[in-house]
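Using the sequences and the hints, build the whole thing.
So the protein sequences, as listed, match chains A and B. Note that the first sequence covers residues 1 to 499 in our numbering. Note that the second sequence covers residues 500 to 998 in our numbering.
Quick caveat, the hints were computed from the structure, so don't treat them as lab data. Keep in mind the model is a prediction, meaning the values are calculated, not measured. The C-beta atom is built at its ideal place from N, Cα and C for all residues, glycine as well.
Residues on chain B that point at chain A, a partial pick, calculated with CB under 7 Å:
#	residue
1	Pro532
2	Gly534
3	Val542
There are 2 protein chains.
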Amino acid sequence: MKAYRDLEARKKRVSAVGNAMGILQWDQQTMMPEGAAPARATVLAELSVMMHEMETGNDLSDLIDQAEAEADQLDNWQRANLREMRHQFIHANATPADLVEKIVLAQSESAMCWRLARPKNDFASLAPKLDALFRLKREEAYVKADIMGVTPYEAMLDQYDPGRREVQVDRIFDDLGGFLPGFVQQVMEKQAAGTQPLMPQGPFPIERQQQLGHELMTVFGFPFDRGRLDIAHHPFSGGADGDVRITTRYDEADFMKSLMAVIHETGHALYEDGLPQQWRGQPVGKSRGMTLHESQSLLLEMQAARSEEFIRFLAPTTKRILGGQGPAWEPDNILRVYRKVEPGLIRVFADEVTYPLHVIVRYRLEKAILADELGIGDLPGAWNDLMAQLVGIRPTDDTDGVLQDVHWPEGIFGYFPTYSLGAMAAAQLFSAALGDDSDILPGLGRGDPAPLFRWLDQNIRSQGCLYMPDELLEKATGSPLGTAAFKASITARYLGQAE
Amino acid sequence: MKAYRDLEARKKRVSAVGNAMGILQWDQQTMMPEGAAPARATVLAELSVMMHEMETGNDLSDLIDQAEAEADQLDNWQRANLREMRHQFIHANATPADLVEKIVLAQSESAMCWRLARPKNDFASLAPKLDALFRLKREEAYVKADIMGVTPYEAMLDQYDPGRREVQVDRIFDDLGGFLPGFVQQVMEKQAAGTQPLMPQGPFPIERQQQLGHELMTVFGFPFDRGRLDIAHHPFSGGADGDVRITTRYDEADFMKSLMAVIHETGHALYEDGLPQQWRGQPVGKSRGMTLHESQSLLLEMQAARSEEFIRFLAPTTKRILGGQGPAWEPDNILRVYRKVEPGLIRVFADEVTYPLHVIVRYRLEKAILADELGIGDLPGAWNDLMAQLVGIRPTDDTDGVLQDVHWPEGIFGYFPTYSLGAMAAAQLFSAALGDDSDILPGLGRGDPAPLFRWLDQNIRSQGCLYMPDELLEKATGSPLGTAAFKASITARYLGQAE
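Written out as structure tokens, the structure reads:
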């Protein structure tokens with residue numbers, strides 16, 4: 001047990017540094033004066049290096065070996081904790097230090113270049129930096145794949161969604177890629193023939209929107225005594241263990257964007273807040289990867305908060321706080337507004353039906369990039385072709401095309417799929433929860449999420465990393481991750497019929 | 500040079516952790532939701548232990564030895580940097596680890612107990628905890644004194660004001676303790692016979708006070724692009740290198756308290772902001788101890804901002820922003836309000852003339868405590884006796900007596916003197932600056948601190964820890980730290996004559 005105990009002490013320290021970085025990063029996005037950016041970058045870089053040193057090294061490797069040899073003395077949670085430690089060790093140690101350094105440098109150069117290139121629609125200026133970064137990421141993927149015995153793409157994906165298989169993602173995305181384009185057409189035709197949504201007219205003063213967000217967070221039991229809501233350029237959920245901080249931004253012309261961001265980030269925050277306290281600071285006490293994390297935000301945003309029951313509860317509150325008047329504020333119209341389906345160029349503005357198609361575009365391209373089957377010069381064209389084929393619109397410039405996301409310029413590969421895998425998981429979990437407790441939908445209708453949250457606490461939040469992501473999902477829902485619940489959900493919602 | 504370079508790299512890391520802690524502590528006082536306190540305490544404790552480990556150990560000792568052996572290869576700044584590293588090493592290593600641990604525990608217990616005991620006027624409940632802590636601090640002081648070859652009190656003082664000698668503090672405080680009580684009487688008689696100050700009547704809305712504070716900070720060139728002003732329960736100056744954050748609190752009935760706190764903390768912040776950038780992250784690039792730090796805040800608050808020239812500039816601004824009317828807002832009256840001398844029980848509310856007497860009470864008592872000449876049971880009585888003798892008022896309870904400060908319950912000994920040594924240094928520096936540049940006072944009169952700041956930048960801020968505190972002061976003013984300038988300043992200001 002000594003080796004295992006030593007590992008716990010080490011992880012406690014890693015977690016303390018991680019928590020410190022969480023608050024520093026939140027501060028960077030919300031409070032920090034702009035001129036402090038270089039100094040903050042230096043501090044964060046130094047803490048990252050310290051983290052990495054704490055996560056690597058021969059003595060750590062020896063300790064994990066020893067603890068694994070004595071694993072029969074451990075209980076289930078401790079064994080899962082040790083499994084997560086091994087997983088972290090593999091990811092931290094697989095890549096040689098000099099390659100890590102080159103990647104960090106290349107990322108920072110290409111991300112900086114991207115910031116200038118995007119607004120100028122200037123892919124050409126970014127291309128050499130991006131190409132250099134792609135080469136290094138390819139090297140990293142192959143080195144990791146070799147050590148982990150997985151495909152290069154899986155080695156990347158595994159950082160965000162541990163244990164996920166490429167073949168499984170292919171199957172899910174092939175299914176959606178086949179199903180959705182026709183489905184979108186059907187929905188658009190149906191919506192064109194039906195009553196048109198009326199957009200509530202602003203301006204909506206920011207203080208009112210803040211009050212609305214606050215009231216919604218209160219309905220969802222956001223723990224304001226150990227959390228905050230602030231303004232940032234991009235909505236995110238962050239902070240530290242026991243201190244969950246979310247952000248949103250406000251548009252006086254459109255209150256819905258901010259409201260839905262608040263609900264989305266609240267979903268993330270409630271997951272963090274509900275993780276097992278007795279394992280706080282240990283790997284097994286952390287969230288179960290990005291697919292599961294996104295499932296928690298999307299379950300709240302797309303499943304619960306856009307259910308007819310909840311919208312009927314929400315509409316009068318919204319109307320009261322924003323002082324709305326007229327037919328645009330009736331629940332039926334709000335439902336129509338929230339459920340408007342319309343293909344667009346930008347992923348982050350996409351509705352829930354077209355969203356997976358944006359992700360599939362990125363997934364297919366980043367696999368081709370890692371496999372070295374797609375040259376940098378062909379990337380914008382390949383992007384536009386896939387967009388035309390899947391989403392049905394061809395971008396006319398790169399600003400709203402291949403340049404729209406920060407992920408690739410920051411060297412992030414294997415992350416995109418988790419957005420839509422999370423949407424699949426959200427639908428699957430919501431459907432299972434409804435099957436287990438018939439009071440969940442009525443609860444949402446009266447502004448009481450307690451029945452839903454009891455189910456989520458028991459099945460997901462309290463489980464930390466006791467199981468692997470798919471095991472957890474299968475225990476909670478009875479099936480491995482798939483598309484059935486999502487397709488049934490959007491079919492019922494948008495075509496008004498069971499699939 | 501290799502040993503020295505290695506030391507620089509280590510200090511860079513120590514500084515990164517210190518900067519992280521600076522932001523976390525600022526956040527704790529300004530932004531953190533209350534329920535996150537236990538989690539935050541865990542993170543800060545873990546980072547403190549990491550800091551301590553980085554500041555101790557045989558290999559660090561060896562590196563310093565080696566670098567000292569090669570010191571002839573270093574330039575002045577590097578040599579001073581190495582001297583500071585040795586100084587930090589001595590303080591970090593002198594106390595055995597088990598004693599450090601006992602002290603941390605005893606501090607936290609007595610500080611917690613103090614929070615409850617103070618409002619209830621219950622010294623008896625605190626006494627055993629405080630006594631236990633005093634015993635441990637005594638042990639620490641003797642161990643350090645032995646290693647450093649100084650007196651036990653000096654070993655404590657040296658943490659805050661490096662190189663300061665007890666005999667020098669005795670001389671200064673004996674001088675002030677003899678001079679001030681009679682001086683206070685004279686001033687009070689003169690003020691009683693003169694025109695009485697009229698207090699401007701509130702309420703003063705917080706937003707107006709914030710605007711006033713902001714405008715004053717702008718006058719003083721506060722770097723808002725790398726700094727902030729926020730609200731906290733106690734005013735402080737904190738943050739990180741290149742990111743100076745100050746706080747104040749507002750009282751709708753009295754705008755002066757908040758305003759003077761803003762000016763005081765701005766003085767601290769401008770010192771931090773003016774430290775030599777090329778030495779950022781190194782010990783020699785830090786501020787020159789607490790006496791010098793306090794000299795910078797008091798120079799702004801007490802010398803510059805309470806000068807007749809500046810008050811004549813400030814009064815109309817204040818009147819305009821707060822919407823004041825009538826004779827209370829005339830510069831002559833504002834001067835009288837700011838310069839009202841009146842002995843009181845509470846140090847933090849004391850005017851600049853009686854303030855040193857409060858410090859002398861504490862200085863004499865904490866020396867007696869460390870020397871084991873004063874038992875815990877006799878402490879409240881000794882406090883009251885000294886207050887009656889020096890300040891001229893005897894507390895009627897311990898809440899406004901020995902229980903008023905957090906320092907002793909937190910195990911902080913040797914810090915109190917720096918408040919008044921800082922006041923001496925402030926007067927001495929201001930006097931020297933005025934002698935060197937005749938445009939400083941006219942500058943303040945037109946709301947332009949540039950002449951004063953040029954002098955401070957050159958003589959203090961840019962010097963970091965190149966010299967020891969008294970060396971720095973002597974280079975800047977031509978004399979070692981003494982009382983002459985302070986006495987001359989208060990004599991001119993309060994009795995209207997040169998001493």
